[in-house]
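> As a plain string of letters, each chain reads:
There are 4 protein chains.
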Amino acid sequence: MRKKQIVVIGNHNATEVQASTAYSIGVYVAKKKFALICGGRGGVMESAARGAVENGGLVIGILPDDTFAAANQFCSIVLPTGIGYARNSMNVLAADLVISIGGEKGTLTELAYAWHYGKPIVACSFTGGWSEKLAGTRIDNSREDIIKNAHSLKEVFQELDILSQ
Amino acid sequence: MRKKQIVVIGNHNATEVQASTAYSIGVYVAKKKFALICGGRGGVMESAARGAVENGGLVIGILPDDTFAAANQFCSIVLPTGIGYARNSMNVLAADLVISIGGEKGTLTELAYAWHYGKPIVACSFTGGWSEKLAGTRIDNSREDIIKNAHSLKEVFQELDILSQ
Amino acid sequence: MRKKQIVVIGNHNATEVQASTAYSIGVYVAKKKFALICGGRGGVMESAARGAVENGGLVIGILPDDTFAAANQFCSIVLPTGIGYARNSMNVLAADLVISIGGEKGTLTELAYAWHYGKPIVACSFTGGWSEKLAGTRIDNSREDIIKNAHSLKEVFQELDILSQ
Amino acid sequence: MRKKQIVVIGNHNATEVQASTAYSIGVYVAKKKFALICGGRGGVMESAARGAVENGGLVIGILPDDTFAAANQFCSIVLPTGIGYARNSMNVLAADLVISIGGEKGTLTELAYAWHYGKPIVACSFTGGWSEKLAGTRIDNSREDIIKNAHSLKEVFQELDILSQ
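If you're matching them up, the sequences are chains A, B, C and D in order. Under our numbering, the residues of the first sequence are numbered 908 to 1072, in order. Under our numbering, the residues of the second sequence are numbered 908 to 1072, in order. Under our numbering, the residues of the third sequence are numbered 908 to 1072, in order. Under our numbering, the residues of the fourth sequence are numbered 908 to 1072, in order.
To be clear, the hints were calculated from the coordinates, so they are not data collected in a lab. The reader is advised that the hints may include incorrect statements.
For identical chains, the list gives no copy identity; a pair is met inside one copy or between any two copies.
To be verified - Pairs of lysine-lysine, DSSO-like flavour, derived with a Cα cap of 27 Å:
1) Lys938 - Lys1026
2) Lys910 - Lys1040
3) Lys1055 - Lys910
4) Lys1061 - Lys938
5) Lys1055 - Lys939
Just need the whole structure built from these sequences, with the hints factored in.
Now the structure itself:
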C-alpha cells in the first residue's frame, strides 16, 4: 500500500548542474509513481520537488521550521517539524533510497545519518560537494556496502528502475 | 499546491464508536481531496487511515519509531521519525485542522500542543476520553476561541466543508 | 553516581504564589543535594532555579531554543535543544520526580508525557492551573497510581524526603 | 553563572589511544571547573566522563534512549532524550567548545552539526577516524575558520586554557 519513498538531499542554494540534476530526478521519481521526500526548502529540494509535481508526482517537504510558510511552492504535503535541523535525521529515516546532490554541512549530516540507519545511498558525484567527496566510499566500517557513485543521471535512473522491480 | 492537511488524533486502542467515527471521518476527508495525517499506528489512527485510503485518499503516517514496520497497512506514506513521542508535537504542527476522537495521555499531549500552536481543533465529544473532557473548553487563556465541540459526525463534516471553501 | 533529578514544571509567567512555591522547592531540592531540572526560562522555572542556585544547588535548564541566550540567569548548565516544544517530552524523561506548579498548555503536555513515561508526579494543587485540575486524578487508566495532590509545600517536601532514603 | 560547557564527541567503541585521550581531556576539563557534556554511553564518552568525575568534575550524559539505564556509570546527570540519534544535534548545541576524538558515522553527524551551528571545534587528528580526516579543514564555505587540528593533548589543553580566560 505504501508508496516507495525517495529522499533527495542537497544544497539549499543549488548550482545550475545541481538544480537541473535535481529536476530530472524529480521527473523520473514521479514517472515511476514513487513519492519524493525532501527538506521542503529551496535549491536542490525545490528543483526536485518541481520536477516531480510538474509530472503528477507526490512531494512531501519536511521542514525544520514550525510553520508552513518556509516551504517551497512545489510540496503537495508540508510537515513543519518544529525541531530545527534535528529533522535531518528524520528526512533520511523516511527513505527507501537516498539520492544525494552536491551538498554542504546539512547534506553531510544526512549522508552520515543515512549510513547510520542502513539506508541505500546514491551520490551524484558529478554535482560536487559532499556527494562528490563521499561517492564510492564507506563512511565507516559498520557496513559492507558503499555509497554508490552515480557518474550520470542515467546511473541514478538505473537505481530507481531497480527499486520498481 | 499544498493539499489541506487534516490531522486525526486518538486512541491506539479504539472502542467501536471511536473506530467507526474515525473511519467515517477518513472517508469524508478523502472525498474532500484533503490529505489525512495521523500517528500511523492502530486504533483510531488505523480506522481513519482505512476510511481515507479505501476512498482514494492520501494518508501520511507519522510514527514515533525509526522503522516502517510499525505502521498500519493503510498509510500511503510512512514517516518513521525516530524521535519517540516527541513526534506528538510534529503531528499537530502538520495540521490545517485537528480532529480529536476519544483520547488518552498521548492524545492529551497532542490537544495541548495543538492549542499551543494555534491550530483549530474539533473534539468529538461523543467519543469519550479527553475529547469529551475538553470539547467546548479552553486549555488556557492564551486563545480567545475554544476547542470546538462536535456532538455528531455531521458537525465534524461541517467543519471540513468550511475548510474546502 | 548519578544525582537524583527533580524536574519542576510550570508557567513561564508565574503568579506570586507560584513563584514563591517554586523558589521554596528549589531551595529544598538544593538542600537535599538533588539536581534541579527545568525548562530554563522565566516564571516558575526561573524561581525554582534561583532557589536552588542560591543554596548551592545544581540547575539544568533545557531550552526549546537553539542558543544559550534565552536561558534564565540561574542555570548552572544550559541545554539549548533546538527542537522547540518537542523538548517538553525530554524535560520529564529526565525526572526521578516531576513537581508541577500552576500550569498552562505547555505544562499540560509535560504532565501528560510524565504520565505516559511512568514518572511519579506531584501536583501543587494550591497553585492553580493544570496542577490544580489534575492533582489527585489519573490521566487515563494506563497507570494504577494517581498524580499526587500536594496541598502544601510541606507535602512536597515529604515527597522529596522519601526520595532521599 | 553558567559553567563553560565542553562537549566531547567520539566512538562508542574506543581504541586505546582514543580512550586514554578522552580520559585525559576529561581530567583537564574537570580541573578547569568546566562541565563535561557527552553522549552518555561507552567508549570515548565513558572515558571522558570517568576522567572528569574522578577529578571532581560534573558530567552530563545526553542519551538517545528514553531511560536512564543506557548511561555509563560516570554521568552526574543523565538526560534520556528519547529522540534517538536526532539527539546528536542537541549534543553540540550545548557546546562552548566541541572536542572530537576518532569518530565514525555518529561523530560525523556531530562534526557537521557543530560546523552548522557555528561552534568552535577541535579535532584530535592523532586519534584517527573522522577527527583525523576533517582536522584542519572546512566542512563547507559557510565559515571562515577551520576545524582546528590538535596534534597532541597539549594542543587540546591550550584550547581549554584559552576558554578559561
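> So, for every hint listed, does it hold in this structure?
Verification of the hints:
1. Lys938 - Lys1026: within (22 Å within a copy, 35 Å between copies)
2. Lys910 - Lys1040: neither (31 Å within a copy, 38 Å between copies)
3. Lys1055 - Lys910: Cα proximity of Lys1055 and Lys910: one copy only (23 Å, versus 34 Å across).
4. Lys1061 - Lys938: This pair counts as within: shortest intra-copy Cα distance 15 Å, inter-copy 39 Å.
5. Lys1055 - Lys939: within (20 Å within a copy, 42 Å between copies)
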